[in-house]
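Trainee: Here's the letter readout for the chains.
2 protein chains.
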Amino acid sequence: MPSETILIIGGGPAGLEAARGVAELGYSTVVVEARERLGGTPISANYAALTHGMRAAAEVMGEMAAAVTGHPLVDVRLNTKVTGCAGALGDFAVMLSTGDTVRAGALIVATGFDHFDPGRASQQYGYYQYDDVITLQDAEAMLKRKEFVKPSSKMPPERVCFIQCVGSRDRQIGNEYCSKVCCGVASKQAIEIRQLLPDCRVFIFYIDMRMYGYWENEIYWPAQEKYKVQYIRGVISEIVMKGDRLMIRGEDTTMNRPMEVPMDVVILSNGMEPSKGTKEIAGTLGLAQNKYGFIATPPDSLDTVATSVPGIFVAGAASGPKDLDDTVGMAGAAAMKAAGAVRRASLAGKA
Amino acid sequence: MPSETILIIGGGPAGLEAARGVAELGYSTVVVEARERLGGTPISANYAALTHGMRAAAEVMGEMAAAVTGHPLVDVRLNTKVTGCAGALGDFAVMLSTGDTVRAGALIVATGFDHFDPGRASQQYGYYQYDDVITLQDAEAMLKRKEFVKPSSKMPPERVCFIQCVGSRDRQIGNEYCSKVCCGVASKQAIEIRQLLPDCRVFIFYIDMRMYGYWENEIYWPAQEKYKVQYIRGVISEIVMKGDRLMIRGEDTTMNRPMEVPMDVVILSNGMEPSKGTKEIAGTLGLAQNKYGFIATPPDSLDTVATSVPGIFVAGAASGPKDLDDTVGMAGAAAMKAAGAVRRASLAGKA
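Line order of the protein sequences matches chains A and B.
Using our numbering, the first residue of the first sequence is number 15, and each one after it goes up by one.
Using our numbering, the first residue of the second sequence is number 15, and each one after it goes up by one.
Derived from the structure by calculation, the hints contain no laboratory data.
Nothing here was measured: the structure is a model prediction, and the numbers come from that model.
Glycine included, every Cβ here is placed at the ideal spot set by N, Cα and C.
Mixed in with the good hints, there may be bad ones.
[Claimed, not checked] As a list, the in silico DMTMM-like pairs of lysine to aspartate or glutamate whose alpha-carbon atoms are at most 20 Å apart:
{"id": "1", "chain 1": "A", "residue 1": "K240", "chain 2": "A", "residue 2": "E172"}
{"id": "2", "chain 1": "A", "residue 1": "K290", "chain 2": "A", "residue 2": "D128"}
{"id": "3", "chain 1": "B", "residue 1": "K240", "chain 2": "B", "residue 2": "D213"}
{"id": "4", "chain 1": "A", "residue 1": "K168", "chain 2": "A", "residue 2": "D258"}
{"id": "5", "chain 1": "B", "residue 1": "K290", "chain 2": "B", "residue 2": "D131"}
{"id": "6", "chain 1": "B", "residue 1": "K242", "chain 2": "A", "residue 2": "E190"}
{"id": "7", "chain 1": "B", "residue 1": "K240", "chain 2": "A", "residue 2": "E172"}
{"id": "8", "chain 1": "A", "residue 1": "K242", "chain 2": "B", "residue 2": "E73"}
{"id": "9", "chain 1": "A", "residue 1": "K256", "chain 2": "A", "residue 2": "E274"}
{"id": "10", "chain 1": "A", "residue 1": "K158", "chain 2": "B", "residue 2": "D314"}
{"id": "11", "chain 1": "A", "residue 1": "K160", "chain 2": "A", "residue 2": "D213"}
{"id": "12", "chain 1": "B", "residue 1": "K240", "chain 2": "A", "residue 2": "D184"}
{"id": "13", "chain 1": "B", "residue 1": "K158", "chain 2": "B", "residue 2": "D105"}
{"id": "14", "chain 1": "B", "residue 1": "K290", "chain 2": "B", "residue 2": "E50"}
{"id": "15", "chain 1": "A", "residue 1": "K95", "chain 2": "A", "residue 2": "D314"}
{"id": "16", "chain 1": "B", "residue 1": "K158", "chain 2": "A", "residue 2": "D258"}
{"id": "17", "chain 1": "A", "residue 1": "K240", "chain 2": "B", "residue 2": "D184"}
{"id": "18", "chain 1": "A", "residue 1": "K240", "chain 2": "B", "residue 2": "E73"}
[What the hints assert, rightly or not] Listed next, the stretches of chain B that the computed footprint assigns to chain A, with coverage defined by at least 3 CB atoms under 8 Å from CB atoms of chain A:
{"id": "19", "segment": "78 to 89"}
{"id": "20", "segment": "316 to 322"}
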């Protein structure tokens with residue numbers, strides 16, 4: 015007999031929104047989360063404020079977790095992984111690391127992304143070499159504490175820059191795609207640094223500023239006009255130390271001239287890669303992956319949440335770079351499609 | 015007694031996807047479409063291939079329409095508008111232009127966008143003056159017929175360019191937002207022109223190329239490498255006639271020099287504005303609009319499909335610039351939330 019339960023893998027923004035949706039439709043759900051708490055990357059990576067609304071990550075994710083915690087139709091399993099899966103749409107048997115087996119009519123994969131590791135050999139920015147070369151996540155953790163210092167001296171910096179497209183739009187490392195959110199996140203952090211340190215100069219070195227839709231008027235215009243963030247179209251080729259300061263070398267492609275400018279802190283805007291959990295679950299469930307390792311959705315289709323296995327859906331950055339608006343949209347769509355699929359399987363089973 | 019019917023306003027990509035979703039969940043829906051057929055802007059504006067999958071618009075929209083046409087839970091009303099609305103979540107009475115009144119528990123607004131009219135006084139590109147200055151939609155209609163000619167001579171052009179951000183990112187005309195899809199659509203059309211006319215040179219003049227996520231590797235890289243589309247970062251200030259050719263004047267901001275180059279056809283990449291239907295329905299239903307006239311969603315929230323009225327949801331470009339992936343994600347989420355809302359209202363009514 016078919017099961018109408020929907021199993022959701024991952025308790026971040028996509029998984030929590032999908033769980034709320036499934037429960038609102040009156041279907042029971044089991045949420046399996048590998049970490050010891052809900053909230054996903056915004057919580058585990060200590061995000062400060064979220065784009066594009068600039069609300070505190072802890073508050074937003076707290077609300078999303080509260081909507082499902084204790085809900086009679088939602089069974090949350092923390093510190094738990096999926097280890098195996100048998101069956102098909104309408105009647106999957108999902109093995110968990112706890113030894114339990116859960117019967118489910120459909121699954122939603124919401125295992126998210128990892129931040130690109132800028133210490134990879136092909137990267138020339140000295141991330142492991144220099145204390146004052148940090149990532150967006152390092153900066154985010156400081157901003158969450160409402161402080162922003164030069165790591166080597168613990169003093170407020172006078173000059174900070176962001177280098178965009180680290181690990182994205184880069185054929186040499188195999189990531190030709192754009193990670194979609196880094197322009198917005200860097201601009202948001204630039205505003206936050208200027209709010210904390212009004213005397214600090216903040217620069218963003220970019221190829222294209224990708225502030226689509228309302229990010230343009232809600233973040234990009236204020237960053238330039240109200241917060242005087244300096245956007246410089248340029249390519250940074252090298253970072254070296256000169257005294258106790260970093261010196262960045264490259265080319266200003268608007269002014270068409272070489273540049274060598276001192277910085278106290280360099281923030282690498284590192285992009286998205288498939289998370290370890292995403293790659294593992296693709297193997298466990300037998301889901302097709304694209305060439306980058308993200309979960310593949312049907313090519314040339316407007317079905318953005320289907321996978322290669324009927325009855326298994328995907329939501330959020332497990333399928334590729336997504337912003338939070340994309341993620342909750344996909345999660346709602348996946349909840350709808352999973353509920354529709356188990357309903358159909360159940361009706362067929364009764365017929 | 016509460017109604018569990020969901021009324022959907024608009025039969026384009028957002029409305030059709032929402033209707034399919036609502037029906038899959040077992041709820042009945044009435045789809046109200048002002049035009050004489052389903053398919054929305056991709057059909058009424060004669061789109062050729064859709065981004066980013068490059069499938070024929072007529073085929074994709076035909077499939078979406080077929081999924082709801084004749085479905086026992088979907089009642090499609092063509093040539094029909096909403097003229098009034100009373101009641102509240104769980105029990106709306108919606109008046110139609112046909113004289114009928116439909117009872118519905120929730121509504122989904124999917125009234126889409128209009129293309130920016132580049133003939134507006136503040137625009138200096140001579141759209142109404144020169145036959146060979148056209149819009150993305152004019153080009154799309156030609157590409158759908160598998161031809162691309164210089165309108166004034168009906169001959170194949172030798173030099174074609176796109177001018178990006180026409181009606182977007184422009185404070186003078188009041189549209190500070192980015193329209194999100196024009197970079198991708200121009201790049202797609204540039205590829206299609208090069209496929210039809212291998213000897214024609216194609217240029218794209220841009221501020222930033224916003225090819226986020228997989229648009230980067232699926233469209234932008236091939237446009238440059240396989241199809242030799244020439245991307246020039248520049249600002250075009252004026253278009254004049256010189257003999258039987260257009261002459262575009264501006265500045266190449268990468269080479270940092272003025273330019274004056276001849277073109278046979280200039281395509282204005284005009285952006286999105288709220289559709290007439292979107293502005294009308296906001297008034298009829300009493301929905302808050304943002305400063306641009308799009309339907310407002312709650313600020314700083316991850317509820318991307320809620321409006322200012324409980325029980326009325328929004329999907330697609332009615333709430334601002336959206337691509338097709340965004341649109342179907344939002345439509346799925348709106349279907350889920352509308353179904354959840356009528357279910358809750360219905361349970362409360364029975365209690």
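Trainee: Indicate, hint by hint, whether the structure satisfies it.
Mentor: Here is what the structure says about each hint:
Between K240/A and E172/A the alpha-carbon distance is near 19 Å, which keeps this suggested pair within the 20 Å criterion. Among the hinted pairs, K290/A with D128/A is consistent with the structure: their alpha-carbon atoms are about 7 Å apart, no more than 20 Å. Taking the CA atoms of K240/B and D213/B, the gap is about 14 Å. The hint holds against a cut of 20 Å. A threshold of 20 Å between alpha carbons decides the hint, and for K168/A with D258/A the separation of about 13 Å falls inside it, so the pair holds.
Proximity of K290/B to D131/B is assessed by CA-CA distance (about 13 Å); at most 20 Å being required, the pair is judged to hold. Restraint check for K242/B and E190/A: the C-alpha separation of about 18 Å stays at or below 20 Å, so the hint holds. A hinted pair counts as satisfied when its Cα atoms are at most 20 Å apart, and K240/B with E172/A does not qualify at roughly 45 Å. Using a Cα cut-off of 20 Å, the hinted pair K242/A and E73/B is violated, with the two alpha carbons roughly 48 Å apart.
Taken as a hint, the K256/A and E274/A pair is honoured in the structure, with Cα atoms around 11 Å apart against an allowance of 20 Å. About 18 Å separates the Cα atoms of K158/A and D314/B, which keeps this hinted pair within 20 Å; it holds. As the CA atoms of K160/A and D213/A are separated by approximately 16 Å, the hinted pair is consistent with the 20 Å bound. Restraint check: the Cα-Cα separation between K240/B and D184/A comes to about 18 Å, which is no more than 20 Å; the hinted pair holds.
For the suggested pair K158/B and D105/B, the alpha carbons sit about 44 Å apart, so the restraint of at most 20 Å is broken. A threshold of 20 Å between alpha carbons decides the hint, and for K290/B with E50/B the separation of about 17 Å falls inside it, so the pair holds. A hinted pair counts as satisfied when its Cα atoms are at most 20 Å apart, and K95/A with D314/A does not qualify at roughly 32 Å. Distance hint between K158/B and D258/A is unfulfilled; the C-alpha atoms sit about 61 Å from each other, more than 20 Å.
Straight-line distance between C-alpha atoms of K240/A and D184/B comes to about 18 Å, which keeps the hinted pair within the 20 Å bound. Restraint check: the Cα-Cα separation between K240/A and E73/B comes to about 47 Å, which exceeds 20 Å; the hinted pair is violated. Under the rule that three or more residues need a Cβ within less than 8 Å of chain A, the assignment of the segment 78 to 89 of chain B is violated, with 1 such residues. Coverage of the segment 316 to 322 of chain B by chain A holds [criterion: at least 3 residues with CB-CB distance below 8 Å; count 4].
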